Amino acid sequence: DTEVTQTPKHLVMGMTNKKSLKCEQHMGHRAMYWYKQKAKKPPELMFVYSYEKLSINESVPSRFSPECPNSSLLNLHLHALQPEDSALYLCASSPRGTGGADTQYFGPGTRLTVL
Amino acid sequence: GEDVEQSLFLSVREGDSSVINCTYTDSSSTYLYWYKQEPGAGLQLLTYIFSNMDMKQDQRLTVLLNKKDKHLSLRIADTQTGDSAIYFCAETLMIYNQGGKLIFGQGTELSVKP
Numbered sequence: 001d002t003e004v005t006q007t008p009k010h011l012v013m014g015m016t017n018k019k020s021l022k023c024e025q026h027m028g029h030r031a032m033y034w035y036k037q038k039a040k041k042p043p044e045l046m047f048v049y050s051y052e053k054l055s056i057n058e059s060v061p062s063r064f065s066p067e068c069p070n071s072s073l074l075n076l077h078l079h080a081l082q083p084e085d086s087a088l089y090l091c092a093s094s095p096r097g098t099g100g101a102d103t104q105y106f107g108p109g110t111r112l113t114v115l
Numbered sequence: 001g002e003d004v005e006q007s008l009f010l011s012v013r014e015g016d017s018s019v020i021n022c023t024y025t026d027s028s029s030t031y032l033y034w035y036k037q038e039p040g041a042g043l044q045l046l047t048y049i050f051s052n053m054d055m056k057q058d059q060r061l062t063v064l065l066n067k068k069d070k071h072l073s074l075r076i077a078d079t080q081t082g083d084s085a086i087y088f089c090a091e092t093l094m095i096y097n098q099g100g101k102l103i104f105g106q107g108t109e110l111s112v113k114p
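Quick mapping for you: the protein sequence lines, in order, are chains A and P. Following my numbering, the numbering of the first sequence begins with 1 at its first residue and continues without gaps. Following my numbering, the numbering of the second sequence begins with 1 at its first residue and continues without gaps.
Chain A extracted, bound-state conformation:
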């Protein structure tokens, strides 16, 4: 198994809803990442988990709350989002965690629309 999976593929939510995005990998990777990507722009890093601990938070608003229940799973909990949060949310994983430069493998993304 050499892939990162993400669910759901599409999500539409209102500004008062609470929803979660899920990411899974079974490659034994020790680091997992959340990115936000607007159309035709590069991905922007949001969070990094290394060995199931949050190691980087790129000053993301608290309406986004990450969670890493185990080494294979990464969640992103969403609450009180704004329309400008509509984007493609990408998950990635890499083998070595914070030990050094590491190749990241991306999932297919969740297309989020906030009404």
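Honestly, the hints are just simulated from the structure, not real lab data. Just so it is clear, the structure is predicted and the values come from calculations on it, not from any experiment. Please note that the accuracy of each hint is not assured.
[Claimed, not checked] With a cut-off of at most 27 Å between alpha-carbon atoms, the simulated DSS-like pairs for lysine-lysine come out as follows:
1) A/Lys36 x P/Lys68
2) P/Lys36 x A/Lys41
3) A/Lys40 x P/Lys113
4) A/Lys38 x P/Lys36
5) A/Lys36 x P/Lys101
6) P/Lys68 x A/Lys22
7) P/Lys68 x A/Lys38
8) A/Lys38 x P/Lys113
9) A/Lys38 x P/Lys101
10) P/Lys68 x P/Lys36
11) P/Lys101 x A/Lys22
12) A/Lys41 x P/Lys70
13) A/Lys53 x P/Lys68
14) A/Lys9 x A/Lys53
15) P/Lys36 x A/Lys40
16) P/Lys101 x A/Lys40
17) P/Lys113 x A/Lys53
18) P/Lys36 x A/Lys9
19) A/Lys22 x P/Lys36
20) P/Lys56 x P/Lys68
21) P/Lys101 x A/Lys9
[Stated by the list, open to error] One side only, chain A facing chain P, incomplete, derived with CB under 10 Å:
22) Thr16
23) Ala31
24) Lys40
25) Lys41
26) Glu67
27) Asn70
28) Asp102
29) Gln104
30) Tyr105
31) Pro108
32) Gly109
33) Thr113
Heads up, the beta-carbon is just placed ideally off N, CA and C, and yes, glycines get one too.
Using the hints provided, position chain P relative to the given structure of chain A.
Quick look at chain P alone, frame taken from chain A:
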């Protein structure tokens, strides 16, 4: 600060070679990457090159690295319509005690005309 630059658009005819260029600023980058993104999809790792290499070839893909000029290029031979996508160049920025962070270029949109 760290910066990765790419031209935004490239248009080629099917069967021609495509060359996508990238310049980066962090001379300590260990690995440099090329990712491909098709419409509505995630990022697909195409290839990467270690910073002590000058060239890497993988089937139709050739990566050239000029460390002195901090210039990276991706050549796609015999370009096909299925190669139409956005191509992102990325370097790794090492953050003390936190690991590596990918710094992406703006992406080059490759359009392949039949």
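Structure-based check of each hint:
About 33 Å separates the Cα atoms of lysine 36 of chain A and lysine 68 of chain P, which puts this hinted pair outside 27 Å; it is violated. The straight-line distance between the Cα atoms of lysine 36 of chain P and lysine 41 of chain A is roughly 13 Å, inside the 27 Å bound, and the hint therefore holds. Straight-line distance between C-alpha atoms of lysine 40 of chain A and lysine 113 of chain P comes to about 20 Å, which keeps the hinted pair within the 27 Å bound. Taken as a hint, the lysine 38 of chain A and lysine 36 of chain P pair is honoured in the structure, with Cα atoms around 16 Å apart against an allowance of 27 Å.
Annotation: proposed proximity of lysine 36 of chain A to lysine 101 of chain P holds, straight-line Cα distance about 14 Å (limit 27 Å). Restraint check for lysine 68 of chain P and lysine 22 of chain A: the C-alpha separation of about 42 Å exceeds 27 Å, so the hint is violated. Taken as a hint, the lysine 68 of chain P and lysine 38 of chain A pair is broken in the structure, with Cα atoms around 33 Å apart against an allowance of 27 Å. Note on lysine 38 of chain A and lysine 113 of chain P: the hinted pairing holds, with a Cα-Cα distance of about 26 Å set against a maximum of 27 Å.
Taken as a hint, the lysine 38 of chain A and lysine 101 of chain P pair is honoured in the structure, with Cα atoms around 19 Å apart against an allowance of 27 Å. Distance hint between lysine 68 of chain P and lysine 36 of chain P is fulfilled; the C-alpha atoms sit about 26 Å from each other, no more than 27 Å. Our distance criterion of 27 Å between C-alpha atoms is met by lysine 101 of chain P and lysine 22 of chain A, whose separation comes to about 22 Å. Simply put, lysine 41 of chain A and lysine 70 of chain P have alpha-carbon atoms about 22 Å apart, close enough for the 27 Å limit, and the pair holds.
Annotation: proposed proximity of lysine 53 of chain A to lysine 68 of chain P is violated, straight-line Cα distance about 38 Å (limit 27 Å). Under the criterion of a C-alpha separation no larger than 27 Å, the hint pairing lysine 9 of chain A with lysine 53 of chain A is consistent with the structure, at around 26 Å. At most 27 Å may separate the alpha-carbon atoms for a hinted pair to count; lysine 36 of chain P and lysine 40 of chain A meet this at roughly 12 Å. Simply put, lysine 101 of chain P and lysine 40 of chain A have alpha-carbon atoms about 20 Å apart, close enough for the 27 Å limit, and the pair holds.
For a cut-off of 27 Å, the pair hint linking lysine 113 of chain P to lysine 53 of chain A is broken: about 47 Å separates their Cα positions. Note on lysine 36 of chain P and lysine 9 of chain A: the hinted pairing holds, with a Cα-Cα distance of about 19 Å set against a maximum of 27 Å. Simply put, lysine 22 of chain A and lysine 36 of chain P have alpha-carbon atoms about 23 Å apart, close enough for the 27 Å limit, and the pair holds. As the CA atoms of lysine 56 of chain P and lysine 68 of chain P are separated by approximately 17 Å, the hinted pair is consistent with the 27 Å bound.
Simply put, lysine 101 of chain P and lysine 9 of chain A have alpha-carbon atoms about 25 Å apart, close enough for the 27 Å limit, and the pair holds. Look at threonine 16 of chain A: its Cβ only gets to about 28 Å from chain P, farther than 10 Å, so that hint breaks. With a least beta-carbon distance of about 7 Å to chain P, the hint placing alanine 31 of chain A at the interface is held under the 10 Å criterion. For lysine 40 of chain A, the shortest C-beta to C-beta distance to chain P is roughly 7 Å, which falls under 10 Å, so the interface hint holds.
Given the 10 Å rule on beta carbons, the hint for lysine 41 of chain A holds: about 7 Å separates it from the nearest Cβ of chain P. The beta carbon of glutamate 67 of chain A is not positioned within 10 Å of any beta carbon in chain P (closest approach about 19 Å), and the interface hint is therefore violated. A distance limit of 10 Å between C-beta atoms decides the matter here; for asparagine 70 of chain A the minimum to chain P is near 19 Å, and the interface restraint is violated. Interface hint status for aspartate 102 of chain A: upheld, as the beta-carbon distance to the closest one in chain P is roughly 5 Å, under 10 Å.
With 10 Å as the threshold, the beta carbon of glutamine 104 of chain A comes within range of chain P, its nearest partner Cβ sitting at about 6 Å, so the hint holds. Look at tyrosine 105 of chain A: its Cβ gets to within about 6 Å of chain P, closer than 10 Å, so that hint holds up. Given hint, proline 108 of chain A at the interface with chain P, holds; its Cβ is 4 Å from that chain's nearest Cβ, closer than 10 Å. With 10 Å as the threshold, the beta carbon of glycine 109 of chain A comes within range of chain P, its nearest partner Cβ sitting at about 5 Å, so the hint holds.
Among the interface hints, the one on threonine 113 of chain A is violated; its C-beta lies about 13 Å from the nearest C-beta in chain P, farther than the 10 Å criterion.
Consistency with the previously given hints fails for numbers 1, 6, 7, 13, 17, 22, 26, 27 and 33, ordered from lowest to highest.
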